[in-house]
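Engineer: Below are the chains, spelled out letter by letter.
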Amino acid sequence: MSTDLTSAMGEFKVHRVRFFDYMPSGIRALAFNRDTERIAVARVDGSVEIFHSSDRCFQEKIIPGREQCGIEGLSWVGDRLFSAGLNGGITEYDLTNQKVKYTTDAYGGPIWAITGNQQGTHLAVGCEDGTVKLFEVIEDTIQFERNLDRQKSRIISLSWHPSGSKIAAGMMDMIQIFNVETGHSIHRMLADRGVGTSRSKECVVWSVVYLTDGTIISGDSVGMVKLWDDQTGTLIKSHNVTKCDVLALSVSQDEDSLVAGTSEGTVVQFQFVSMVLGKDDKEWVRTRTFKNHTHDIRAVAEITTAVVSGGMDAQLVVRPLLDKIEVRSVASALRKIHFPHRRLVTCAKKSGLMLFQYTGHLELWRLGETEGKGVPGSSLTVKRNPEKLLHLKVKGEDHIRCSAVSPCGEWIVYSTASSLRLYRLHCDNNNVSITKISKLPKVLSSANQLCFSSDSSHLFSASTQSVHLVSLSQSGCKFVATLKPKSGSHQAIHLLAVSEDGKWLASANNDHEVHVYNLQTRKAHCTVPVYSSAVTAMGIHPTTNCLFMMHADQQMFEYSIEHKQYTDWSRMVQRKGLHHLWVERDTPCLNVMFNPQNPSHVILHDTYMFCIIDQTLPLPDNKTQFYNQLTLKSLPEEQRKAHSHAFKVCKTFKDILCVEMMSDQSLVVVERPLEDVATQLPAPIKQKKFAT
Amino acid sequence: MVEKSDIRVVRCGGSKINLRPSIFSVDSRFVLCASGDSVKVYSTRTEEWLHSLQGHTNQVTGIALNPTNHLQVYSCSADGTVKLWDFIDGILIKTFVIGYPLFAICLSEKHEGIVFLHLSMATGSKNETFQLVAVHLPKSAEQEVEAKELSAVCSNISSNPSCTAFGRGVVLGEHYVIPAQVVMDAFVAFLHSHCPYCRTFTSCFGKVITQHDFSTFLVVGEFIAFARHLQLNVYFFRKQKTYSFSLKATDKKGAKNAFTCVACHPTDDCIATGHEDGKIRLWRNFDQKKEYTYSTQHWHHNAVNTLCFTPEGTHLLSGGIESVLVQWKYGAGNKKEFLPRLGGAILHISASSDGQLFCTSHSDNKLTVIESSFKVCGAIQGLVKGDDVLTDLMIDPRSKALVLNGKPGHLQFYSLLRDKHLYDLDIVQQEYIYEAGLDQFEVVKAAFDIKGSWLATVEERGQKSSDLEFFLKLWAFDEKTQSFVLNTTITAAHTDRIISMCFSSSEETTMLVTTAEDGQFKAWCQGADADTQQDQNFWSCDFVGSYHNLKPTNCSFSADSSLLAVSFQEVITIWSPETWEMLTTLCQPPGEIRDLCFGRLSCSKYLLGTTTRNLLCCWNLLTCALEWSTSVEVSKLQPDPLSENVAAFSYQSKHTDLFVFKPSEPRPLFTQKNVCSEKVHRAVFVPREEPLNNCDESSQWLNRSQLYFLTQNMLVIDDSVSVTPFYLLLGKHRQQQQKLNSTPSYSGADKPQHTQGSATIKELLHTPAHVLPAASVLCSMFVNSLLISNTGVREEMESSEQEMDSEKEEGDSEEEMEACDSQQELRAQGSVDEVMPKLSKAQEKELKRVRKTDFSWMAGLIDSKP
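Just so you know, the protein sequences line up as chains A and B, in that order.
In case it helps, the UniProt record's numbering puts the first sequence at residues 1 to 692.
In case it helps, the UniProt record's numbering puts the second sequence at residues 1 to 866.
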């Protein structure tokens, strides 16, 4: 844990922060909704995330989890999302408001599997007590219908026949096929315990897939992918995929491709190909193997053009299937998503404090200090080490949804799904104390996004559709107003931006709408034209009051609030187009900052770089060298001007969680090296490597 | 006229049997493989060499069973001909002259009369491209037919024949053949009709054969897959469409993706490809540009040399440098079986038609026959030849076998008479690791003592790097086990590399002398050393000698072991081994001494030496003066141990000349110009079992022993040919050729007749019965041989009929075999300088033509008799 103060790019003093021990949580389940193109991801800590698969896999929604809430399965029914877990309950999510809608107990002990039928009428859950329970999906809730024949061992995996008349259930050592109407078992297929392993070790059927033609495909703990015939209940073929477990299976929509995730971290693809070209006798043939994970793959999903996999190494990998892609483009590149597309760090710009948001607690740190100046690129000696001021644990079982620290450093606020807490921080030299502000206004019961005004006098709390404005003072806080757009969707707000002069507030929601409010009149001012891609970051320029927006497809817009129109610069960008290297970056920009000393500079960052856009310089076209920092350095001073363009990219820092500009013109760069994350993961399955 | 016999050079064996995949006969009783310019037939059960199919004049580059007659085999050769043989009886049935050097052959079952051949598109140029050509073999009763109807199937294929494979229907050479779906009669008719779109080619036509619309009619199999570098092309005959799939040269993980071999599944549309980094890919759905798919298997750590599907298609066999045969279960992912420790790197794999036997060809010139249960059931070993023969050629005095470097770290014993590998003697006794770039122990020197009871070897490692390691080992012959047993290992015999070594030639005491780069020579004696136990006779150093710190180069004992000559650069020192006293020095600058030997028998008072400045000197040791010297560049000096004769090979202007002389007289007994076109570094005199008594002056030197020498590519014997009756029986047409080659005054012809009876019986008795042809065949052939040949008449007849192109295309650079068995008749001459009388051009031409004439019609006659 140290702060290196580096003078980067010759212009800024940079605090390089590496003591945010953020640890992403392992992925437990995946569900893909073809109609809405959304991927739902359940993590081990109980949180559920929604990714938009056609919008560069942007993480649209995060529903924070709770303590002791292990999710075992996710299932879409229509556009409703259900999960079930070992606590025995079935949970439906309110995706608009990004919270849990309700939880129903299935009364069958821990639930291992949940799956909805294609018709969208029923949910089936597999319970510890050996029952498959059918729930009818009705409007707003679900209702228990009946149990299928009870089995002796727990139900590990479930799959509906696409017609909805049969269910295959994977159990210990066997697979059962149930007739849904009668509830009786039709076939019982025994899975081998494997040759090499001991006979006493049970074979767990981790995953089953029921195909339209009656083939049942199972993946088990012996490492086999087996194909069964449901008419005769016999094994057709078995493929030995791994020495360890096959944990997850997923079939493509047209049932010609199947992927299996193993505990070795490999995804094995099977394809339904004709053995003799031009003839119809097709067979499942093992084809490709993808190795992008280091740990167990707990969930795979074959989406239209890609294979999505997630596992204990907490990364979501979207691996494109090139044969399904019409045109190769940036959108069809291999993606690895390590960090949330949200900011987990807020900085008190004026007092040099940082607030780190963990799932169950907050940490407040004071930045280190340094003296003197250095050569650009050199590290400076640290005069005072960074210091952890506060460790704030969350009351209750809910995890933190959002948090903020005020620019002056006096106020800390966080919100869970159920409550919002505001603290006042007293800091005299070495004594740090906080007091909780009791008696919050009623509107501050929970927030989707929190933000302080730049003079720390107001708190903005975004609820589902509206923003509540609360004034803060020594005595406490007082509700001032609720800002509401004139019209618009009901989606929750996920981003807030406030202007430096305290006059404007901008909010962005999941329907890509950006509303601007006038804080003096406390009325909606205007709505920015809706763009097709989600807003990932935005900021209001301190002097010109222009709203600068970054989108998931890496496009950028600058909107003049006063004139209610795009600025000339923004129009020029759209007209000329961005450099292909810029558009091809695969992580969204997470913050927009401005340099008060140089009003034409916009500072952006994503996971791999931070970038200064100089609006006075010409835009690069596709022929110019995009990463030209080194070239410029080698050129003599007078030629630099001619060769430079608007984008100055700094790749010195990697795995960036946050970049923030402090009021003393220094930059804070919070890094979380992936190697550090990897060292904190449990040891992967040991594999023999050649020549070791 | 004086009785004379001719001396000629005969290629005697040792050629590669691993160049192309071997093939099984349909009943799996025989394995056929291309070996040099002949096809060798082996028995699968006994691994015995049955006979050779001889007749090609250049390297045989491919063999394939005749699909319509399983007792016949087609062979193609770099000499531009395709020959059809009866391989059971070893009879040439037909010759088809194509006119271009051929590189591989493949056949289809249903389509009689069509062969697919690989030939070079532009010969001579450096980056040759090859193309696959379909040739219609004309039906005619003649022995030798020109097949000129060539049609290109696909061009730009890889030079490696294993990179081309037919899918479902026609399969390359060794593979099982499955009926193609559409009959090709239309195509045949098309070719005959000489349609304007289709060109027929004649031998005078240009080198480049254009690809044309021929494939419309050619529906053999479904597709042909050919890979080159990083691209796999699949050509569909029916659609006439090529799909190409290319791989990236390297990916992030440093994979080398270049294709090394291709195989097609016999029934499914699945192509297996091997890659340089050891991966095997199985391609499917390759009739689509985009939705093709492949699965990857990886076991080999180095390039996959060969792939082969079993005839049923249930398994895929692969092999590479690891010398492990891997059997992959088709369709079951990475389920595989291994057969390790097969010897050398696997170059080819072939399967018998019933799938019960596999045959692997190895880089150490070996064929291994393997049962389908993965049990080795036989090995056929040819002469092992590594990169270089570091040890000299030696003759084991006991077994009379040729001894030289064999497998890495081994000495091989090789029977010259039977062209058969006898056994390997493990010298290094360490496991050899098949990995490129590893510096491993290698036998660099070996020597036998005169009785064959001691063998000295030197093994060495680290020649390239600075840390040299070497051992001197002495092996005693054990009468009980009939093999050599390690007696003494001397770890630090010298401080630097051993350059040469020799045993003393006396019968009583054996002594070994080694010279090394550290400037010393050492004498080693077997004897009771004070330190060691008495009863075990270990070897120890007896004397260390040096001369002015000069580097010793050679050492040699005189015939009676009373003198030892050690050359130190330009100086030869003579020592007495009795007292270790330096007797005298001989010096004949300029030039360092390269070779050194004493004369034998009556010439034992002479010492011969060659220098780097092309001087051959002879000293008289009685006078200690130079007797004579001559300026000739001698690359190898080889004394005959049984006579006074010394053979010298001299390399000048791209050919090697041979001189045989006696040290006592500077006039050569025998000279032969242009023995071969390569430099000869290794040669050996092999004593004959029974001395001949040739009176001819020029061939007398061969009475007691034969001279063998090793060229770059094969073992060659220099010998006056004596034709045994048995040989005469089996190789009918061969014998007649030889007769024609010999001059009319060949009076030695009656000589073999003396031994006729006994030799025949001996041969018959000593040849295993199962190897012999049927008795009926033998009888008829024997009777036939007694008939008066009518070749003379035939000669005249044919001379009027046939016009042979005298200019034979010499083999292309890639192929290794040079026509070394050119039977040159060279009369011994009195002097080197004298011009040899040559046959007139016309005579020579006629001879050549006659030699080419095919006499297999006789075989036909014989066959028809019973």
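For the record, the hints were derived by calculation from the structure and aren't laboratory data.
Fair warning: there could be bad hints in the mix.
No more than 25 angstroms apart at the CA atoms, straight line, and that leaves these computed lysine-lysine pairs for BS3-like [said to hold, decoys possible]:
#1 K324/A to K350/A
#2 K148/B to K279/A
#3 K324/A to K290/B
#4 K336/A to K576/A
#5 K239/B to K237/A
#6 K451/B to K291/A
#7 K689/A to K239/B
#8 K279/A to K336/B
#9 K282/A to K241/B
#10 K375/B to K282/A
This one's a predicted model, so the numbers in the text were calculated from it and none came from an experiment.
Engineer: None of the hints should be skipped; say for each whether it holds.
Structural biologist: Hint by hint, here is what the structure shows:
1. K324/A to K350/A: violated (52 angstroms)
2. K148/B to K279/A: Roughly 39 angstroms separates the two Cα atoms, so the pair is violated.
3. K324/A to K290/B: holds (8 angstroms)
4. K336/A to K576/A: Violated, because 30 angstroms separates the two Cα atoms, which is more than 25 angstroms.
5. K239/B to K237/A: violated (33 angstroms)
6. K451/B to K291/A: Measuring from Cα to Cα gives roughly 66 angstroms; hence the hint is violated.
7. K689/A to K239/B: violated (45 angstroms)
8. K279/A to K336/B: violated (29 angstroms)
9. K282/A to K241/B: holds (23 angstroms)
10. K375/B to K282/A: violated (35 angstroms)
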